[in-house]
Structures are given as structure tokens and as C-alpha cells.
Amino acid sequence: MESVVERNGLAFYRHGARELCESELSDAISFSKPEERLSLGQFDPPAAFDLRVAALDHQHRIRKSRVRGFAGGRIDLIPHQLYIGSEVASRLSPRVLLADEVGLGKTIEACLILHRLILTGRVGRALILVPESLVHQWFIELLRRFNLWFHIFDEDRCKEIEAANPGTNVFLDDQLILCSVTLLTRDEYRAAQALEAEWDILVVDEAHHLSWSAAGPADQFGSDYAFIEALSKRTPGLLLLTATPEQLGVASHFGRLRLLDPDRFYDLNEFVRETEHYREVANEAEHTTDADTLKALLDRHGTGRVSFRNTRVTITGFPARVPLLAPLTAGSSKHERLDWLAALLRGLDPGKILLICRTPAMVIAIEAALRQRVKNLKAAVFHEGLSLIQRDRNAAWFADKHGATILLCSEIGSEGRNFQFAHHLVLYDLPLDPELLEQRIGRLDRIGQKEEINIHIPYVTGSGQEVLARWYHEGLDAFAQNLQGGPELLERFGARVYDLSHRFQKGGMKARSELDRLIVETRNAYQEIAARLHAGRDRLLELNSFRPLVAQNLVEEISSQDEDKSLDRFMLAVFDQYSIDVEEIAPRTYKLGSAGVFADSFPGLPAEGVTVTCDRRRALVREDVQFLTWDHPLVTGALDLLLGSEKGNCSFVPGDGGLEAVYVLECVAPPQLHIDRFLPPTPIRAGTEEAARARVPRIIEEARREMNKQLSYEIERLEALRKVNPSVREDEIELLQEQKKLLDVHLTAARLRLDALRVATD
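For any residue, its number in this note's numbering is found by taking its place in the sequence shown, counting from 1, and adding 628.
Everything hinted at is true.
DSS-like cross-link-like pairs, simulated, lysine-lysine; straight-line CA separation at most 27 angstroms:
no., residue 1, residue 2
1, Lys1193, Lys1219
2, Lys1006, Lys980
3, Lys980, Lys1003
4, Lys692, Lys1368
5, Lys1029, Lys1219
6, Lys692, Lys1337
7, Lys1368, Lys1351
8, Lys1193, Lys692
9, Lys1369, Lys861
10, Lys1368, Lys861
11, Lys1078, Lys1006
12, Lys1369, Lys1351
13, Lys1337, Lys1368
14, Lys1369, Lys1337
Ranges between beta-carbon positions, derived for each pair:
no., residue 1, residue 2, range
15, Asn911, Pro1176, 16 to 22 angstroms
16, Gln803, Asp895, 36 to 42 angstroms
17, Gly637, Val1324, 49 to 55 angstroms
18, Glu1362, Glu1156, 44 to 50 angstroms
These aren't lab readings, by the way, just hints derived from the structure by calculation. Every residue gets a Cβ at the ideal spot worked out from N, C-alpha and C, and that includes glycine.
Turn these sequences into a full structure, and let the hints guide you.
Take a look at the structure:
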């Protein structure tokens, strides 16, 4: 400032030709940099400095971790799921078909991929399209297991947005959106909005419903397919999910692959010819014992670059199913099944029983009847008529060792929930659809289930339920083993089963003879379908969809992180620093209150408080308790809160004089480069800036060397593969080459900044 003049009662400060009015000055001066606070004598306690340095160290380690985004899922550590998640998320623009068999966890795999990409900053905008009946299930899976809050869009939500902001594109209102595919395919205006919104990744569940035909010109296909094709051309990432990749025909399967890479999958006849060659290679691979030769075969052939499929034939760990049919004689009370159920409860106490029936009304009626028959009954209910919170509480009570003995569920209990801690399933009624039956059994029949599953099927002889029970048991063996070809079986026999079940009670011996014939025909048809599906298995694809050694390394790294109690110590120190009330209610399990003065502004902490656990096993059986990991929003929020403020960046300790400085070496780069895997913000503790700067060249060089090693290897590998496997996209190689150049530029430009100071003085 060279001079001051006054005009109209205001002071104007001058420096050369520049002039600044006093009204433009801030009314408060903030000194937040450590050197500024030191000069003013603004110190924090030593504990705050230690906490800040610990946060820097943890942030560095977490951001570089190859299991970031995988360790934070409330899931069992299933090797094949982690392998697929890691393999797909490592690609620059993942475009793959996830086609694992029913019960092996395609939704978990998709969520693992999304979680990793979102946490590392590579995905900012994501759109998930699912059948309308699965919207709620996906929302719960994303939120409960991965703390990913996707916004559900329906027509009402769209109209509310437009009412508040006329003329706006509704799909720009949020970054992470989940909606039914019909919202877009039945409304051209909404479809146009979605196409214009620009997404980083698109996820489509039940992709086998996308209808494509080889007949006619390329633009003659179903409207759902046409829309997804248009959207996929504008979106770098694409995940298609289906449990039946080829069961609806080779042409239909080709149509889905065509969405992933239209340049590669351009001709159906050529694809069929290549498929035959893949089976020859698969035979060779199955008889190869040399690991390197096998890896080369799997890498260079087949559709493994764009498709992943694991089956129960290749993945172990499923429990045995024990069918326990309970034929009951019709009596005068007309409550034979309720009497049987009450006796089962008394006989199995204190065992856990999951009962699934068709409707909420039936759930309510069964509960009322049981309370009249069983003293001190501990029963919980789970149906659509309850709020989400009440459902969660009831499920948690059932999961508790000393909680409910039986959980009575409507059909909604068949969707997405994990009840594998129970070992008794009562099918109070039976659905006509074999896939729905498999969904019900799948609540207990899951990888990781440690005990046999006892499946109880009560039915009154001579009733329509006898038809279904015998058809499933004698014709399909569906209670004892996983059923394949459900849609085809339903199409071929569903109408006959339905008709016979409705007239069976009055049909006498003639109806029983008809049922016997139906069972024989069904058994023969099922054997033919199962043989066809087995012969049609793509063994090369299965071999390439799971690399046990790679997966085991991931499992071990996550398990090691789970057992490390540094997270507990760090977060307890954070809660103490911000005056958050903490009560340890079980080992590594804490109830967080909100009475502290900072609680209202603490990121990720609800106003009413929350219970968290660092124990994965406890988190898996207590869905009302949040699973606290380094990926959890409460933890990432705590790191951001600490490191985004001046808290602890200037401190002193008693001593003989001296200065300790903490510098951070950091790169500013587009999130899509995921530069953290090579050089995350790196703390350097030194006495002087000169000493810190002396260490910078070595750190940068190590990061550049690691980057060049990884990306050069991948580029060379893909270039070699492309010569023998056209499924490797040319643009994938070009993107890697461009990424390598950009990473080198940004790594070289890494800069040092002072983050914290500690003075040792008397």
C-alpha cells in the first residue's frame, strides 16, 4: 500500500495503478497456514498434531491400496467375486458382461466395481437401470453393503425436479441415479434427457431381457435394446448383468456382446465359428498342467476380455440341501399346516427358522395363529407393509443370537437379504416359477453357509400344493439341488402345473395319474435341458473368470486390513478430539452418540447417533450395525475434516528447542488417471524444507518407475493379445498409451507443501 484516499466516506487503498476500496476487505482475517499460526503463537495440543500426522499416514496408505473400495463392502470375502471386481475395475473403460450363475453374486461384483471406481474418483456420474421390481433391492444393496447412496428416479421424482427448475434436464440433478429401465424406454422425452446427461458408467441388470435379432437390418431390434445401444455408445463404462448368457440362444448372447464392443462383435456367423474354436482351446486348457501355458491360453482366446461367468460346477463352498417334505392329512380344523408349524417351533427351539410365503396378509395371519399356539413365542415379521426401518429392526432381532426364533417373510424376503445364519427354511406355500423358488432357497443357500440347509415343505395331501411339491421334488429335484433352465421349464410345463393344481382336489385318481405322467415328462425334459446346458458351457470362459491365486492374494490383504486395529485406535482418537460420545458395547463395536459440541457437523454421523463395528463377522449378521472400514464415509469424512482444517497443524511440546516440520508431496491430476495408485499425497517429516526437498526426487522417480512398469507391461500384453484375440479393443491400448504420457507429466510436476509444524520448547 502506497497511499490512502477518501471518497464519499470510504477509504481507498492504492498501490501503483491498482486501487482497493475498504468495502472489499474481509471483516475477518484468517491465519490457517502453519507458519502463519506459528508467527502468531496459535498452538494446538500435541495430541492434535499427532492425530493430524496419523491421518496423513493413513491417507497415504489407503489411497495407494489395491483393495481400496473392496475392503469396505459388508460382504463375505468370496474369492471369485473379488477377482472379477479387481480385474474389471483395473480397466480404463470397463465394458463387460457379468454372467455368474444364480446365487454367485453378480450384484455384489457390480457393486464392488462401482465402489472402487467411485472412491478412486474415476466415476463421478453413474446410471443403474434395472427391472422395476428390483429398484428397491438394488438401492438397499448399494446402501447397506457399500454405503453408496443412489437416488431413485421415477416419473414423480422427475416432475418434482421440473416443477422446481422448469426446462432442466432432470438427470443432471444428481450424480448417482438408479431407476427402472421402463422409465426411459417407454418415454421418448425421458430417454432423450438420459442420452444427453453424459455418464461415466452405465449398469444394466437382467440384460437378457434386451431383445436383439439377427434377422433384418442392424437397426431392427427391440426398443429396450435400441435405447441401451444408443446410451452405451455415449458412455465409456458399461456393465451388463445376466445369469443366462446363452440360454436364450446364441444370437441373443451375441446381441449383448455387441453392445459391449460393436467393432469386435460385428457378425453373428463369424462369432459362431469363433465359439467352436474356443471350445477346442478349452479342451486343451483343461488338460494343461503348466501354469504359464494355461495363463497364455486363457489370455489369448475366448471372450474373457468382455465376459465373466462362474458356475456352481466350478465354484465350491455351497451347503447341502436337505428336503423335508411334510405331507399332512386334511382334517376338520383346516389348520393342519399351522399346527405342524407350531410343533416344528417347539421341536427346534432354540434354532432359527426362516419362513417365506406369498403375501403380507398371510404373514400377519400366520403370526396371529402362532401366538395362540406357542407360549412365549419370539416371532418377527418382514413384509411390504412395514417401513424400511422396522424391517431392518425385525431382521436384526432375528439375527441376534438371543432374538427371534422365527422370521415370517412375505415374498419380499426372497430378495437380496442374507439369512445364512439360519439353517431351517419353511416354504409355507410354493411359487409356480422355478426361479422364484430358487430365490427363496437362495436366502440360505449361499457361499459361506457352514451347515446343511433343512428345507421344510408342508402341504395337505390332495391339495394344489401337493402338485407343486411333488412336481418340484420328484420331477426337478429342485429342493435338493440348484435348478437350471427355470424359464424354459416354466414355459413348457407352467400352464399344465397351474391347471392341475386348481382341479387336483376334486380330480380323484384320474388327477393323480395325470400328475404321475407330468412328473415323468418333466424329469425327462429336465435331464435333456440340463445335459444341453452342460454341453454348451463355455469352459474357456469359466477358466478365465476366476484365477484362484490372484483372488487369494486379495482375500489375504483384506483380511489383514480387517484384523489390524489401527482403524479402531485412530477413530477413537478422532471421536475424542471432536467430543463425540463413544460407548464400547462389544469387542470392536461402538455406540456413537451425538451429544458432543462438534457432533452436528461431523461428516457421516447421523444426528441420532449410530452403532458401528470394525468386526466383519459381526457386521455380516447385524445389518443394523454399520461396518466401519477405511472406505466408510465416517472414516473418509474424518480424514477430510482433519486435513481440510488447521487442526493440529501448529503445535508445541516441552523440549530443548527445535522444529519438526511435516511436508506433503502431492500431485494435482484429473481423477480419471487415478494417480494415487502411484503417488498419493505423501507425508515427509523433516527438520527443514531443504531436507524435505532432498527426498522428493527419489520418491517421484520411484512412482514414475512403478507407473512405467505397470502400464508398459499392460500395453505390451494387450498389443500381443490383439494379434490373436480381436476382443482386445484398439482404443483400450491407445487410452493406456495416452494415460502413460499424462501420468508421467503429472508425476514429474508433483509439488511439496508445508502441512504442519511442531516446536519443542521450554
